[in-house]
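Peer 1: Sequence:
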Amino acid sequence: MEEDFWALKSRVNWLCDGDRNTRFFHLTTLNHRHNNKIRSLKDPNGVWLYDADLIQQTLTSHFISLFTTDMICSKPVSDPPFLFPRIEMECHQSLCSVPAVDEIKKVLWSFKPWKSPGPDGLHPGFFQKTWDIVAPSVVQVIEEAFSVGRIPPGLNHTYLCLIPKIRNPETVGHLRLISLCNTILKLVTKILISRIRPLLCDLISPLQSSFLPGRSSTDNVIIVQEIVHRFNSMKGSKGNMLIKLDLEKAYDRLEWGFIRQVLHFFNFPPLWINLIMSIISLSSMSILFNGSATDTFSPSRGIRQGDPLSPYIFILCVEYLSIQITLV
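So the sequence shown is numbered by UniProt numbering: it starts at 1 and just counts up by one.
It should be emphasised that the hints constitute simulated quantities derived from the structure, not laboratory data.
One or more hints might be untrue.
Once the Cα atoms are required to be at most 16 Å apart in a straight line, the calculated EDC-like pairs of lysine to aspartate or glutamate come out as [stated by the list, open to error]: (1) K190 / E103; (2) K105 / D51; (3) K190 / D102; (4) K106 / D132; (5) K129 / E143; (6) K37 / D53; (7) K42 / D53; (8) K42 / E143; (9) K105 / D132; (10) K37 / E170; (11) K190 / E143.
Work out the full structure: start from the sequences and follow the hints.
Peer 2: Structure (structure tokens):
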């Protein structure tokens, strides 16, 4: 048991069936902690902070500000012109139907067993190993979520894990934010994903390739290179322009009102929209600072980096932006 515990903490996956040595795993874990520990940081004014409490306050203030909205999305989204695809009414039933036990179990077993857990500390492997015992409770929670279109708030707490992008990070910008969500929440979102993925290729333009089966971002790189080459070879008095959008902190700055309107734009069923919005808007967060959780705060915008659902919400929002640019 001790060896399994430290093997899990060490994150050395390639040794799962190899050298069984508790001391090695223990030292690897300590090395990870040493590399990820934040000992100093610059505040927004460029002043170095060395006191742990001051660093924690700076980080908390930064992320509360990042996840706090400063606008109201009040302009309604108009129905799209006929040439843009929407979800057919015939698909609404399959999207909103209460999952069967076999569907829940299949999705649960698609998770890697020992990935980092959420605030409840329960890995997917725990539910897989004890399925015969916990199945009734898990199934009841998920059935209720799909019946009422709402996720219980108690399952929606998230740890924000700070991963240094470089050795010895100096500013908050040198820290990558990863959300650690509870397994039950990820199970609900993964079921939603399994139902929406087959429809996305019809909703999303062929020019968008991320997170869609059968598409590769390499194609987009080639297209851009061809456009630039054509610009350079064109002659005449009229010029051409290529615009690059840098969507900095794009996940964190997505407005919830805008997300709801985009889902309505693509004709998602109301129950499905309500369930999605409860997952996004009823969340609470704590920052993991050097292994300890800070006080809880509630965001008012943004989607979580690390939630399986977030990439799909993002590409729908980007598709809507692309449609609006096309209509201009």
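Peer 1: Now tell me, hint by hint, if it's right for this structure.
Peer 2: Tested hints:
1. Proximity of K190 to E103 is assessed by CA-CA distance (about 11 Å); at most 16 Å being required, the pair is judged to hold.
2. Only pairs whose Cα atoms come within 16 Å are accepted, and K105 paired with D51 is rejected, the gap being roughly 47 Å.
3. Restraint check for K190 and D102: satisfied, since their Cα atoms lie roughly 14 Å apart, inside the 16 Å limit.
4. For a cut-off of 16 Å, the pair hint linking K106 to D132 stands: about 14 Å separates their Cα positions.
5. This hinted pair does not check out: K129 and E143 have alpha carbons roughly 21 Å apart, beyond 16 Å.
6. Distance restraint check for K37 and D53: the Cα-Cα separation of roughly 14 Å lies within the 16 Å cut-off, and the hinted pair is therefore satisfied.
7. With a C-alpha separation of about 13 Å, the suggested pair K42 and D53 falls inside the 16 Å cut-off, and the hint holds.
8. For the suggested pair K42 and E143, the alpha carbons sit about 47 Å apart, so the restraint of at most 16 Å is broken.
9. Restraint check for K105 and D132: the C-alpha separation of about 11 Å stays at or below 16 Å, so the hint holds.
10. Between the alpha carbons of K37 and E170 the distance comes to roughly 12 Å, so the proposed pair stays at or under 16 Å and holds.
11. Restraint check: the Cα-Cα separation between K190 and E143 comes to about 14 Å, which is no more than 16 Å; the hinted pair holds.
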